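Protein chains in written order, with my numbering: chain A, 12 to 312; chain B, 11 to 368.
No lab work stands behind these hints, which were simulated from the structure alone.
One or more of the hints may lead you astray.
[Claimed, not checked] Cross-link-like lysine to aspartate or glutamate pairs, in silico, DMTMM-like; alpha carbons within 25 Å at most:
1. B/K197 with A/E219
2. A/K155 with B/D258
3. B/K225 with A/E163
4. B/K244 with A/E208
5. B/K225 with A/E109
6. B/K225 with A/E208
7. B/K215 with A/E208
8. B/K197 with A/E154
9. A/K207 with B/D258
10. B/K215 with A/D148
11. B/K111 with A/E83
12. B/K259 with A/E58
13. A/K256 with B/D289
14. A/K155 with B/D199
15. A/K207 with B/D248
16. B/K225 with A/E126
17. A/K85 with A/E184
18. B/K244 with A/E210
19. A/K158 with B/D199
20. B/K215 with A/E163
21. A/K207 with B/D211
22. B/K225 with A/E58
23. B/K225 with A/E219
24. A/K207 with B/D150
25. A/K71 with B/E100
26. A/K234 with B/D200
27. B/K244 with A/D195
28. A/K285 with B/E295
29. B/K197 with A/D153
30. A/K155 with B/E222
31. B/K215 with A/E154
32. A/K234 with B/D258
[What the hints assert, rightly or not] Cβ-Cβ distance ranges computed for the label pairs, FRET-style:
33. A/R134 with B/D258: 19 to 25 Å
34. B/N218 with A/N226: 40 to 46 Å
35. A/D153 with B/A134: 28 to 34 Å
36. B/A309 with A/R248: 49 to 55 Å
37. A/N94 with B/D248: 50 to 56 Å
38. A/D153 with B/E222: 48 to 54 Å
39. B/A296 with A/E286: 15 to 21 Å
Since this is a predicted model, take the numbers as computed values, not measurements.
Every residue gets a Cβ at the ideal spot worked out from N, C-alpha and C, and that includes glycine.
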Amino acid sequence: MKRNLLTLVIGAVLVVIFALLLFVFQVRKSEVAVVTTFGKPTRPIVEPGPYFKWPWPIQKVYKFDQRIQTFEDKFTEDFTADNNNLLTMVYVGWRITEPNTFYQKFRGGSVALAESQLEGMLRSAKSGTVGRHSLSDFVNPDEKQLKFDAIEVEIKDLVQSQLQTNNCGVQIEFLGIKKLGLPDSVTQSVFDRMTKERELLSSRLQNEGEADAQNIRSTANRKAAELLASAEGQATRIRGEGEAKAAEFLPVFQQNPQLANFLLRLDALDQSLKERSTLIFDQRTPPFDLFQGFPTNRPNR
Amino acid sequence: MSNGSEPNQPATPSPVDSGSQALAEALRSSFAIVKLVMIVLLAVFLFSGFFTVGPQEKAIILRLGRPLGEGEKALLGAGPHWAWPYPIDEVVKIPITEIQKVTSTVGWYATTPQQELAGTEPPAGPSLNPAVDGYALTADGNIVHTRATLSYRIEDPIRYVFDFVTASNAVQDAVNNALLRTAAQFKVDDILTRDVIVFQDAVRKRVNQLVEAQKLGVIVEQFSVQSRAPRQLKQAFDNVITAGQNRDKILSEARSYENQTVSRAGADASARVNIAQSDRTLLVEAVAADAARFKGVRAQYEGNPNLFAQQHLVQTMGRVLTNVSEKIYLPDRADGKSRELRLLLNREPPKPKTEEVR
């Protein structure tokens, strides 16, 4: 009896497992799926988890990666509004949002097919957008005039609406410009222009340097002259003060101008004959006037 | 094992049927082996659910496709864990502390790793082929080469693994885009010389914005940008640098001239003021001394002016004459006529004046 029960239980478990394998499938977190009934998509599944289905010839399950895939298009050349040739390349992050429409649109959900469709849409969206903008919208030192981000949004919106009208079951998550370029021949003329700019810059630097240096030197000379002049002024003022102070003694000397005069002359004599000097004097010069009347070697008259 | 011994009971009384008994015995033992194998298999099945998470990683269990737990709670840290074996559970391990690196070269000319290592560059043609050589367009419509290296860490593993097929590509494209977008806003001189750091920071800011907007689930750790002028224009750019250096040299010469001149003038000026001050002191002192002397001798003089004059004149002459090196006495001619005197002046050059101390 026990044996029968055990066999029964094991058998039941096996049957359940088998049935589960047939009737249940699981959708992983990173996936979306579509269930087809006799080849026609009937049930889209976008949430992960276990799901029921009828076994094989009736229903089939197709699973797709629903994570964001990055795709970049070709580097293509378009005319800007101001007739410049501009090469652009964009990258796109896209994901499958509606598995059933995606399955129908791209014959069994081929990612390669979807990408080639996307590339075509990008091609036209890009040339349309580039044609509406001038080159200065792509590169501009003024942040307000730079329309880089607006252009990206414009392309994205164009592609997004295309995807919607074409019923692709795909959504663009982000889009950005990956590469900008100019045609080969244009780069050469850009180089020529840049060379000219550089030469201009070099000569300007040189001239500026010389002018600035000149300026610094002349300013220095002016400063020096000013310093000396003000010092000279100060010196004169100080000397003046000294003379004024000396003049305060004038009344003293005025008490006897004759004596003052005499003393001054004495001092002058003292001063003038200080250094090596030769003095020629005759008998009237005191104290040699003492020699007067002394006999000389000549016969006196 | 009561069920196993059941078929034995009818067999014991009739040992004749030893063949069937051996068969039963064999059956019983093989049945036991099968059971043992089943138990072992079950144990192995359950035990295979053990897994360990390393210190550098996190793990997420997907039960029937759905992550177990929400947000942060779904992440299993380092240590041993257990999950049901596939197909019930699936373990996804994500390296988390590992620093990953992406490089953006859309703005760089075609080069090979060998050339990079050797520090050489491919010869420059007259122009840039857009299919091969990358570059960025600057705000003033010039061409510049720029590239960036970024290292990042996964911050939101669930987002990083379950929302992107290859998140590193998305990060790389964000860097590409940031370089182009930022270069489109900077002038060539700012990128190359004037605002190198500002440019790098602006690119980094843009990368962070994109990472945030696109929810890439990463944190930027390190970021560096390298920029250079096109190889074709190396000479022209070098000339500008040389011109800049020349200008700096001229300017610094001018500044040193300025320093010298002004400081010398300052020294001169203060010397002049000092001289004036000492002159003033000397003058005042001298006049004061004279006045004192005047006061001292006045009474004497007024007593007998002639005698006083004689006395002082002679005193002074005496003093003066000791200083005079040559003295020539010239008496009057006997006839009272004045003499004619001829001098041949041939003086030694004056002694160099020693600096006077004032």
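### Hint consistency between A/K207 and B/D150 [alpha-carbon to alpha-carbon, up to 25 Å]
holds, 14 Å
### Task
Please work out if B/K197 and A/E219 have their alpha carbons no farther apart than 25 Å.
At roughly 21 Å apart (the allowed maximum being 25 Å), A/E219 and B/K197 satisfy the hint.
### Task
Starting from the hint 40 to 46 Å, judge whether the C-beta atoms of B/N218 and A/N226 obey it.
holds, 45 Å
### Query
Holds or violated: are the alpha carbons of B/K244 and A/E208 at most 25 Å from each other?
Status holds; Cα separation ~13 Å.
### Message
Need the status of pair B/K215, A/E208: alpha-carbon distance at most 25 Å?
### Response
The given pair, whose Cα atoms are some 30 Å apart, is violated under the 25 Å limit.
### Hinted pair B/K215 and A/E154, Cα distance within 25 Å
Judged against 25 Å, a Cα distance of about 15 Å means the pair holds.
#### Entry: Holds or violated: A/K85 to A/E184, with C-alpha atoms at most 25 Å apart
holds, 19 Å
### Query
Taking only the CA atoms, is the gap from B/K225 to A/E208 under or equal to 25 Å?
Violated: B/K225 and A/E208 sit about 42 Å apart, past 25 Å.
### Query
Would the pair A/K207 and B/D258 pass a check requiring their Cα atoms to be no farther apart than 25 Å?
Given pair A/K207, B/D258 holds - Cα atoms ~22 Å apart, limit 25 Å.
### Query
Taking 25 Å as the top limit, are the C-alpha atoms of B/K215 and A/D148 close enough?
Roughly 21 Å between the alpha carbons, so the hint for B/K215 and A/D148 holds.
### Query
Given the hint that B/K225 pairs with A/E109, does the C-alpha gap stay at or below 25 Å?
Given that 25 Å is the threshold and the Cα spacing comes to 21 Å, the pair holds.
#### Entry: Verdict for A/N94, B/D248 (Cβ pair) under range 50 to 56 Å
violated, 34 Å
Of the numbered hints stated above, those contradicted by the structure are hints 2, 6, 7, 12, 21, 23, 26, 33, 36, 37, 38, listed in ascending order.
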